[in-house]
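Engineer: Chain residues, written in single-letter form:
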Amino acid sequence: MKILYFAWLRAKIGFAEERVDPPAEVTDVAALLRWLQGRGPGFAAALQDLSVVRVAVNQDYVKPGHRLNRDDEVALFPPVTGG
Amino acid sequence: MIRVQREDFDIGAEIAKLTADNRRIGGVASFIGLVRDMAGGAAIGAMTLEHYPGMTEKKLAEIESEACRRWPLDASLIIHRYGRLEPGERIVLVVTASAHREAALASCAFLIDWLKTEAPFWKLEETETGGKWVEAREGDAAAAKRWVAD
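Protein chains in written order, with the working numbering: chain A, 1 to 83; chain B, 1001 to 1150.
The set of hints was computed from the structure by calculation and includes no laboratory data. Each residue gets a CB set at the ideal place from its N, CA and C atoms; glycine is no exception. Check before you lean on any hint, since a few could be wrong.
[Said to hold, decoys possible] Computed cross-link-like contacts, DSS-like style, restricted to lysine-lysine with a CA-CA straight-line distance of at most 30 Å:
no. : chain 1 : residue 1 : chain 2 : residue 2
1   : A       : K12       : A       : K63
2   : B       : K1017     : A       : K2
3   : B       : K1132     : A       : K63
4   : A       : K63       : A       : K2
[Unchecked claim] Now the stretches of chain A that chain B is said to cover, found in silico as 3 or more residues with beta-carbon under 8 Å:
no. : segment
5   : 3-10
6   : 71-82
Generate coordinates for the entire structure from the input sequences, incorporating the hints supplied.
Structural biologist: Below, the structure is given as structure tokens:
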């Protein structure tokens, strides 16, 4: 599974992109976020307040209950501020 | 039409190109977003726009399709820049063209309202005390919501 981080999430985590192989019980977005939170202080800081974290899977916005596949592209980022 | 680019754009040339050879167009509306030199009382030296290549184009195309579904548009254009921009520089251009002004004006407002809440762009402002990520405004979400039927 490919994970991308943008804006201050990227800054706190320390890199923009990684490939991960989460444990089998990580079947949806909410479980993935919980698993990521435990991977170190940078992740814990970036994912401390999930109300300001948006998730896209394969470039579409999704909700926490969205089911994940092994070959998904998951992106985590703050609320958008373009325009 | 959608363009996501680092380079500046020429507003007059873009509108002329968009409306050329279409004599049904009677009204053209446009919105141009510029970089301000102040934000929340702090001076801004520049800002850097980051985006999510691929998803940005996908979301902008979806928003444009939705505008074409809602209004009888003859032409539309969204250009959004990324990279480092200084105060006074152009960030975004939205142009809509239709037979009459109502559709052009309403769809232009719709596009910029939705773009601000859906398109994956983030602004990092350079201030005297360092870089500061711009936070999403409640008002932007409310502006986008007014286009959703109850």
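Engineer: Taking the hints in turn, state whether each one holds.
Structural biologist: Hint by hint, here is what the structure shows:
1. For the hint linking A:K12 to A:K63, the alpha-carbon distance of about 23 Å falls within 30 Å, and the restraint holds.
2. The suggested pairing of B:K1017 with A:K2 is violated, with an alpha-carbon distance near 40 Å, which exceeds 30 Å.
3. Proximity of B:K1132 to A:K63 is assessed by CA-CA distance (about 28 Å); at most 30 Å being required, the pair is judged to hold.
4. Restraint check for A:K63 and A:K2: the C-alpha separation of about 18 Å stays at or below 30 Å, so the hint holds.
5. For the segment 3-10 of chain A, the assignment as covered by chain B holds, since 4 residues bring a beta-carbon within under 8 Å of that chain's beta-carbons and 3 suffice.
6. Counting residues of the segment 71-82 of chain A whose C-beta sits closer than 8 Å to any C-beta of chain B gives 7, which meets the bar of three, so the coverage hint holds.
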